[in-house]
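S.K.: Residues per chain are reported as follows:
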Amino acid sequence: MIRHHPDISWLTDYAAGSLPDAHAVAVQSHLHFCHACRAQVRRLERLGSCLLEHAVDDGNTEALLESTLARLTDAPIAPMPATPTAHRDWDFTLPTALAKLLPATPAQLNWKSLGRSLKISRLTAGSRQHEVALHHIRAGGKVACHDHGGNELTVVLKGSFSDQLGQYEAGDFILRDKGEPHAPNAAEHEDCLCLTIVDAPVRFTHPLLRLFNPLLKIHPA
Amino acid sequence: MRAQSAIQPPTARRAARATAGQLLDHCPVEQQDPWNQTITRVAGGDRAAFAELFRHFAPRLRAFGAATAMIDSPSAFGDELTQEVMINVWQKASMFDAGKASATTWIFSIARNRRIDMLRRRNRRPEILMADDMFPETPDDSADPFSLTQEQRLGDHLQGMLDTLPAEQAEVLNHVYVEGKTHSEVAAELGVPLGTVKSRIRLALQKMKIDIEAGWQS
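As given, the protein sequences belong to chains A and B, one line each in that order.
Numbering of the first sequence is given in the working numbering, commencing with residue 4 and proceeding in unit increments.
Numbering of the second sequence is given in the working numbering, commencing with residue 910 and proceeding in unit increments.
Since the hints were derived computationally from the structure, they do not count as laboratory data.
This list has only true hints and no planted wrong ones.
Quick partial rundown of chain B residues pointing at chain A, CB under 7 Å, derived from the structure: (1) F963; (2) A967; (3) I1037; (4) D1042; (5) T1047; (6) K1107.
Which chain B residues stay away from chain A? Per the calculated CB distances, all over 12 Å, these: (7) T947; (8) P1075; (9) G1100; (10) V1101.
Glycine included, every Cβ here is placed at the ideal spot set by N, Cα and C.
Start from the sequences, fold in the hints, and give me the full structure.
M.R.: As structure tokens, this is what we get:
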């Protein structure tokens, strides 16, 4: 059951189209799982239509109409979108936006291990400020306590994990602000796969691990 | 960000000052949107229907485009957006489904998506993700009687509630939807804390019964 949702500010910015791409991917990944937030977004889009209806420019649009009509002759009627088959090797249905960033099969992902429990695969999303990545925690695995120099956004895609602040399952949307150190543990019976978006590097809080902090960078792509 | 408001056309500034009462007058009830039938005619290749739709929506799309934050030639951008959106409407008219969204909501979502893609192209960011990927159709929901009932209820409420919105709440909604700014950008522009922007929007949405499940959000 999904217990952690984007708040109404996130959903409003999403519905209005004002979120950066990386954040929109995270919200869409949550919506993929969450019926209630999809309904919320539809209401927010309806509000958008009211605001569009109200914004009126009083200039003449006849010339623009003529030039648009002239371009219509070439405009084909778009065919119905085909059913996607490209990602059938994944063992769960991928959120539409995220699927665009993933290879056809999970085996093609490029993983980098960070300790025994955690591995990370960075994705290219065309972002200049945010690092978009998949995080994989093996079943029963524990990740060292860490903080972030900025926000960390996580959407659980498969499996579950918990930290001192709560327990998270597929579809949960978790926003951690700077100054909220946490140590995620995957559930014992299943590996956990998450989408993670950060705008600043990880900072370990353990005195020994802290030595690595100056070396940690984010890779917006 | 603050400097941007100086170059906005007068219409955009007027829109930003919209009172809730004015919004109410212009907001069609979802199920009775008169443009639903017009789009059905456009789907059949009816150019006269397209021209009718254009004459109504072009002034709105142009204002919407020209109000976009962080662009250097607002009126050219407004014209370009209008043309892109209306050509898209022509191309996609056969996919329009009045059971999912009204014509005006459908056109709003096309305008939002085209603007995102136009800004991406302008800023020379790679085209890995397109707006249509980030706002996919969700066919399963339209058949859900519970969600349809909710939409109906929203239609009833929105009209009654919009006119009770204070101007400062309507203004913030305009910054987010029409100018395409995030909550944080709006806070920076108005010189108020982020929490103030969030609470203005939250109050507006709660009043209009859009944020009907506010209870499950902490």
